[in-house]
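Participant: Here are the chains, one letter per residue:
There are 2 protein chains.
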Amino acid sequence: MHEYYLEKFVRPKVIAVVGASDKELSVGGKVFRNILDNGFGGKVYPVNIKYKVVQGQTVYPTVSDVPEKVDLAIIATPANTIPDILESCALTQVQSVLILTAGFNESGEDGKKLELKLKEIARKHHIRIMGPNCLGLILPHIQLNATFSNAQALPGQLALISQSGAICASILDWAIDKNIGFSAIFSLGNAIDIGFGDILDYLAQDPHTASILLYIESIHDARHFMSALRTAAKLKPVIVIKAGRDQLGAKAAVSHTGGMIGADDVFDAALRHAGVVRVQTFEQLFSAAKMLTKKYTIVGNGLMIVTNGGGAGVMAADHAIESKVSLKDLNQKTLAALDKVLPKYWSRQNPIDILGDATPVRYKQTLDICLTDPSADGLLVMLTPVAMSDPLKVASEVIGIAQQTNKPLVTCWLGEKQVKSARDLFLSHQVPTFNTPEIAVEAFSFLATYHHNQQLLSQAPSPQRHHSTSDIAGAKKIIETALSADRKILTTIESKAVLTAFGIPITQAIIATTAEEAMIAAESVGFPVVMKIYSPDITHKQDVGGVQLNITSAEVVLATYKKILENAKAVQPHAKILGVTIEKMRIEPHDRELLIGVFRDPIFGPVIAFGAGGTLVEIINDKALALPPLNRFIAENLLKHTRVYKMLGEFRHMHQANIEDIIDILLKVSEMVCELPHIREMDINPLMVNEQSAMGVDARIVVDFPNPSLNPYDHMAIHP
Amino acid sequence: MHEYYLEKFVRPKVIAVVGASDKELSVGGKVFRNILDNGFGGKVYPVNIKYKVVQGQTVYPTVSDVPEKVDLAIIATPANTIPDILESCALTQVQSVLILTAGFNESGEDGKKLELKLKEIARKHHIRIMGPNCLGLILPHIQLNATFSNAQALPGQLALISQSGAICASILDWAIDKNIGFSAIFSLGNAIDIGFGDILDYLAQDPHTASILLYIESIHDARHFMSALRTAAKLKPVIVIKAGRDQLGAKAAVSHTGGMIGADDVFDAALRHAGVVRVQTFEQLFSAAKMLTKKYTIVGNGLMIVTNGGGAGVMAADHAIESKVSLKDLNQKTLAALDKVLPKYWSRQNPIDILGDATPVRYKQTLDICLTDPSADGLLVMLTPVAMSDPLKVASEVIGIAQQTNKPLVTCWLGEKQVKSARDLFLSHQVPTFNTPEIAVEAFSFLATYHHNQQLLSQAPSPQRHHSTSDIAGAKKIIETALSADRKILTTIESKAVLTAFGIPITQAIIATTAEEAMIAAESVGFPVVMKIYSPDITHKQDVGGVQLNITSAEVVLATYKKILENAKAVQPHAKILGVTIEKMRIEPHDRELLIGVFRDPIFGPVIAFGAGGTLVEIINDKALALPPLNRFIAENLLKHTRVYKMLGEFRHMHQANIEDIIDILLKVSEMVCELPHIREMDINPLMVNEQSAMGVDARIVVDFPNPSLNPYDHMAIHP
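As given, the protein sequences belong to chains A and B, one line each in that order.
So in our numbering, spot 705 of the first sequence is number 709, and the numbers just go up one at a time.
So in our numbering, spot 666 of the second sequence is number 670, and the numbers just go up one at a time.
Hint data in this document are derived by calculation from the structure and do not stem from the laboratory.
Each hint should be verified, as a subset may be incorrect.
Just so you know, same-sequence chains aren't split out, so a pair can sit in one copy or run between any two.
[Said to hold, decoys possible] Lysine-lysine pairs mimicking BS3-like chemistry, simulated, CA-CA at most 30 Å apart:
{"#": "1", "residue 1": "Lys-368", "residue 2": "Lys-27"}
{"#": "2", "residue 1": "Lys-421", "residue 2": "Lys-672"}
{"#": "3", "residue 1": "Lys-332", "residue 2": "Lys-644"}
{"#": "4", "residue 1": "Lys-421", "residue 2": "Lys-182"}
{"#": "5", "residue 1": "Lys-117", "residue 2": "Lys-344"}
{"#": "6", "residue 1": "Lys-588", "residue 2": "Lys-567"}
{"#": "7", "residue 1": "Lys-644", "residue 2": "Lys-238"}
{"#": "8", "residue 1": "Lys-240", "residue 2": "Lys-421"}
{"#": "9", "residue 1": "Lys-397", "residue 2": "Lys-27"}
{"#": "10", "residue 1": "Lys-117", "residue 2": "Lys-17"}
{"#": "11", "residue 1": "Lys-573", "residue 2": "Lys-298"}
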């Protein structure tokens, strides 16, 4: 059987530390000392051409001189020495190498060249590399600390993968103070070979790991990353924090959709698609880490709040709304039970204010009752240090209760000095505790979001493509014809033809190249009509006065034809104008204007957008994104994540819009982008929908020769 | 001279504690003990009908028995005893009373009655009351702790006013641990007499107070509150946190504007109007408190970030964008100076990454250079605990620099265990330090926002009303006629007439009550025209098919007249239909659709809204609010706080819109709402604007008899 390719990284028995020394402040000295000090059970050999003895051990000049077969070589020598060291590793078939040294891609031209050279040597000798420019790895369960960090890690069930070594060190330093343990810690650095995908594959299967934290700066291999992330997130909670979220890559977008979507929006959609919870700040990462140290049964987002101070309850409730946490009403049984044990003027609603003189017993009685209420998916217990309260005794009552339930129970003791010992007690009993109501609510929301995203994930479409009635070949032909004429923006007529080939309902337009043709076209489609300028060079027709609505007679068609051409020429004198298109005008007072769009992200491939439509979509900026392929559940979820969704239900005098038709169009668009990798950008805008039907009114498609970016069907593949 | 009415609360010499006892856990026992233990310099007399001696002192049966003139009576006896005690206070002209006892308005019907009784007695005897149901007050500078809290307060320059006693206790408990001192602490409780306005008036003038924190649950007297807040915020930084921000009062709004504006939006606008910084979470309140313990010179929002880890720098930069903090580019001089002292591969941009091996000296050299860069309005110094860093030594270098500059310098040492002692060192030297990059950036943003809001405040209009050419009497007449006919929603024609009376440009409509009249009207205004249903009962004309655009011939007018009536009757069969209005259609391809609206808040009075217009404004939800009266500066600022503002500049092929005209209309609307207290709600929607001009196309005004809510001119009054 072929050995698992990360085996020697995660279960090494013999390690060589290249660059080991006695220097306290050198990377090599530090990592060697860390390995020795942490009681690693295997063998560790120092390798250094400069010394005979290091930290009391015999030193070998090269890796190939080590008297045993080396599983893992850890390299901490200057960057320019590493190519030779890799060659020396190859001599004795050492094929797992962790490079801590910096000075590569991040350090100018010379570093870049050196990094390419490493890759070349590694490929030649089948060497797998972790790093370079990383902090190393820690495997607490085998007592291996192969980092040059001062931080230590306790054993536990949380795994951490961090692209940055400094961030990794910071998280470890925080965690040890909070009594949070780890199953494995990987610092990836420049990740010239082993990346997030590889480690996620391992952690998904690792029995020591119950949940996973990722700190990401950039993704190289989106394909492997996404499939590994989906697999891992199916098995255990995964929390992601990404730095650089506001730094959008420069891009030239032609469509509305392209103009609205930033790189970070796509990353966000991809993470949701993978069933992962994304956090935005370190505070939130820390909160999530605290929550994930325990295995909870979470079935919903209903939180019940118990407090001895009304103000704290209101602050928590405020934040619940923002965090999409639901404060359910107390049912009659709960009300009656609480009435029996609480003083007369308790709040009688959620948040449950049990008043300033609440004793430990009153807390316990209240919590016992709340836990039996089925609408309490989780509990938040708060205490303000008023004169009559006993922070420590209440804490110990709460700990007793927390240990007997598998519902999430989070605590928040406000203040600092008087509540410190209570907080420490929570910590030592692994009951999640937070300093402010907002952060406590947010922490619960991460679990609720995880649950929600897992539901989404379980709804992912099966890889079998359904039997399609679409004219895929016809659509391809239209696109290829345009590309062979060196055009990347399809005309309105072409765009509508491609959509029609996929069964997407869209108004049909007739081209008229003279005023008389326009008149005949208008008579044949029937009044009222819409007339639009027809030019491959004019993208925003409305802005040049190139759109005229509600034209009701032949006479006006003649005048309008002239006017549209004049308007367009005034604004874009050099545009090539082919004529005017004539469409039947859809006049439905109950129509809502929507947008369905497509944008192809350079990393994650095609993305489907849904939102409010019209000429101002970039300003309205009401959109939700999903990665294809879609199914009904994902499509419906997409609708619900927009503001315009409210308008699709009964709205003023209008009946509920035909949501089924919208979903159907989304599924067809999904099929289209999966089948046509040529599509770079697409807008159906506006898509009109009323209670009867949905109908695209204008469309624009931007195409290009397909490049081997991520294929949407890859999102479904489970990495072996 | 008349004595200042809070004099006896803030500088008492003789205090009586009614309800003083030996019981450790009683409110009376605790407050008496707190006063004695804190070394208050004046006299303190225990008053209790039940005891002869309490805590070693002679007890008096009633306040009137105390052998000295009592300045301040503090009452901690059961609620039902208090009316008699107040009467007894009156006997010896004790007119300043602090009531700690709970059991009033917050405790059912009996409590409410009792509270009314207190008010009555207080009014009769000119007694001023702080409380009831409050924690008390602390004045560290005269060693007076008149609370029943376990928390203590150090002397300092920060004042705290908290509506909730429990929150007050929590903040104090946190502050003492962080070495943060106070000039004064007031817990207001039910605030039946003395409220935020009174205390703010005092603190604005108090020489011990450099900055003020407010915890607000609800505002009773918006008029006094706003004027006091404005005065205080002109003199010192004021930070506000408000609980219950998502709990909007139920309200029935007719207009788009009314539908969009929540009570919390108005509160937010009011605070900005007052030059105050609002925070949303306790974490942020604590951050703000840390920042405000020092007096900085702040002149802008430009932050320079120095870090020894790239990832931390990126996380900080991400949050800077969100917090409206600007990361300015390094100028040539700074770049050159840094090149001289930093290693080759430093980031050469802001955030300034001085690399993982940064020494204390390297930090110092970098900071010295950055402080001379004029674009650095503030500095954020970060450290990640990598192996080579010395958290404590770097901290002491940074403290040295912080003590020599009056620019804000905030620090963030990531991690916990290895950086704890450095954080403590920062604390003890009053250098603000935060645990994560996001919170550190946010803390600086509060200072930057304070500076920005102060600029807004300094632009407040002068109380002199400008000479108006508006036909105020005419507009009033129209409104009163409608009200006397028992109509609160003005017709389109009436609404437009009121706006025209104030010189606000709006399309004029002609009423037609037959198809033939419609035809004549259309011929006289000129084609194309817009036809709209004319009915006092139909508010959303578009939704009933009651709006037809771009009608280009007499023939179509005739058909459309019939169709509009049919449409409307189909949807609202019982609506009283008066006919159809005819307007000239404005066809300007470069028009942007905007909204200007008015809504009268029950607490804060009229509010002016500006945003994107159209039929979907509630969905687009792009709005900014300001309290009238406006001036040019405030009006321009209002525009800039919307997303649609981007579209007013050059947008696709369009020239910059006529912003001057929009501002002019906003000023006229401001005048209108100041002059016409009848106006409850108003929409001008859409307001069309292109490069030439702005023109309202539709308008709706809702009126009512004026009630004595806040007058907009009060916002300018400075409370004496």
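Participant: Which numbered hints are broken by the structure, listed smallest first?
Facilitator: 2, 10 and 11
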